[in-house]
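Asker: Sequence order for the protein chains is L and G.
Under this note's numbering, think of the first position of the first sequence as 1, with each following residue one higher.
Under this note's numbering, think of the first position of the second sequence as 1, with each following residue one higher.
It should be emphasised that the hints constitute simulated quantities derived from the structure, not laboratory data.
The beta carbon of each residue, even a glycine, is placed where N, CA and C say it ideally should be.
Incorrect hints may appear among the rest.
Claimed, not checked - Each computed DSSO-like pair below joins lysine-lysine, with the alpha-carbon atoms no more than 27 angstroms apart:
no. : chain 1 : residue 1 : chain 2 : residue 2
1   : G       : Lys154    : L       : Lys52
2   : G       : Lys331    : G       : Lys31
3   : L       : Lys25     : G       : Lys3
To be verified - Rough simulated footprint, nothing fancy, chain L against chain G, three-plus residues with beta-carbon under 8 angstroms:
no. : segment
4   : 16-28
5   : 117-127
6   : 136-147
7   : 250-256
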Amino acid sequence: MCLAVPMKVTEIDGMEAVAEVGGAKYRINLTMMPDIQPGDYVIVHAGFAIEKLDEASALETLQIWQDIAEFDQNKQSR
Amino acid sequence: MLKYIDEFRNPNLVKSVVVRIHGEFSGKAVKFMEVCGGHTVTIFKYGIQKLLPERVYLISGPGCPVCVTDVAFIDKAIALAHRKNVIITSFGDMIRVPGSRTSLQREKGNGIDLRICYSPMDALTIARDNPGKEVVFLGIGFETTAPTVAAAIKLAADNNVRNFSVLSAHKTMPQAMQALLDSGEIDIHGFICPGHVSAITGIHIYDFIAEKYNIPCVVSGFEPLDMLESILMLIRQINSDNATVENQYARSVREYGNQTAIEIMNEVFEAVDTEWRGIGTIPGSGLGIRTDYANYDAERKFDISIESVRECPGCICGDIMRGVKVPWDCKLFAKVCHPEDPKGSCMVSNEGTCATWYKYAAKENG
Ligand code: SF4
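Can you build the whole structure from these sequences, using the hints too?
Answerer: Structural data, given as structure tokens:
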């Protein structure tokens, strides 16, 4: 039940916003994340944005494992 | 394509983490508890256990809010639902949980007004739209959900919506983890800590587990790459003989959490003792509504009386939630008890251990 998914904020209207995921649009509440801007990714739970997704951090994790995976593949093909 | 979800399911990356887990694992048996029901789902859905070395065991913990809600709460909700002019509003899963004699869903046939909400804000809207009725929201969930319910209560108070109240069974995670450790029933060598609880609270709520119990903790995301990286981090902590709290899920979890959410939660709720199904009363592990918001507390607003509480004989949800038994140990599992006719709370929620085993494992193993 504590699941929460990253959605992209497209419109902001006061304490409410429209956010998208996989082509579907949702109305979300920004009470807990008042500084969100359009274009930000937010983690949404029970209709509320509870945190902003830190894209740099997401990309960093992915980059580390991409590098390791490439290294593994090169090792195999050698 | 789901951005920042699909990437964390990439099989090539997953494989590299698995290789490292096998390479670095010492071979000495370890049990890691995934506290959160959402993690249990990932583990089963992606067959994570099968990717691990034989002696790395994953066990499910008490982190499914529907599962840990005690029978008396359901009975109270049903008693309230039968009052005149009451509309019960709830997250979907709750309505199927069996109480002592019946469930909310079953009572729907007996004329109660029951409405499913995706957000507690929906319940507040229902209250505004039905001024002649009392609208009660069933407040369950951990630190992830409690601030959303607190926000709805605050908004109701600010706008003087008087026909809205919450029956609160909200719970907090660290006390339950401590209760499991103190019981001495199971050996746990590492905790995979709940990601979205931590998004609210920050990662330091687990410090005492690393410091006092010397057990490694890793706050984890919910995709396969997240879970496996977290397991690798736990193995590395064990290898270095240094238990700390690490954050694998930094893209969503800030070290100190979401301060605004914490403030809203603390303004409306205060710590109270509460009953966990199968575990018993854990001191300070519940969130009760503060006196300032007493008008929004269904428990105070209505005089609710219930008959004696009883659970389905044979159901071992409690043992499963404490990590000491698995669904196979239950005689009712997949025979008498299945998701269409659940006998215990763990078979109701998508994240319940019995429901997850039923969906992903029952078929495989006959
Ligand atoms: S299978 Fe059903 S009866 Fe058995 S423990 Fe799980 S929920 Fe309870």
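Asker: Each hint should be assessed against the structure and marked as holding or not.
Answerer: Status of each hint after checking the structure:
1. Lys154(G) x Lys52(L): Status holds; Cα separation ~23 angstroms.
2. Lys331(G) x Lys31(G): holds (25 angstroms)
3. Lys25(L) x Lys3(G): Roughly 15 angstroms separates the two Cα atoms, so the pair holds.
4. 16-28: holds (count 4)
5. 117-127: It holds, with 5 qualifying residues against the three required.
6. 136-147: holds (count 6)
7. 250-256: holds (count 5)
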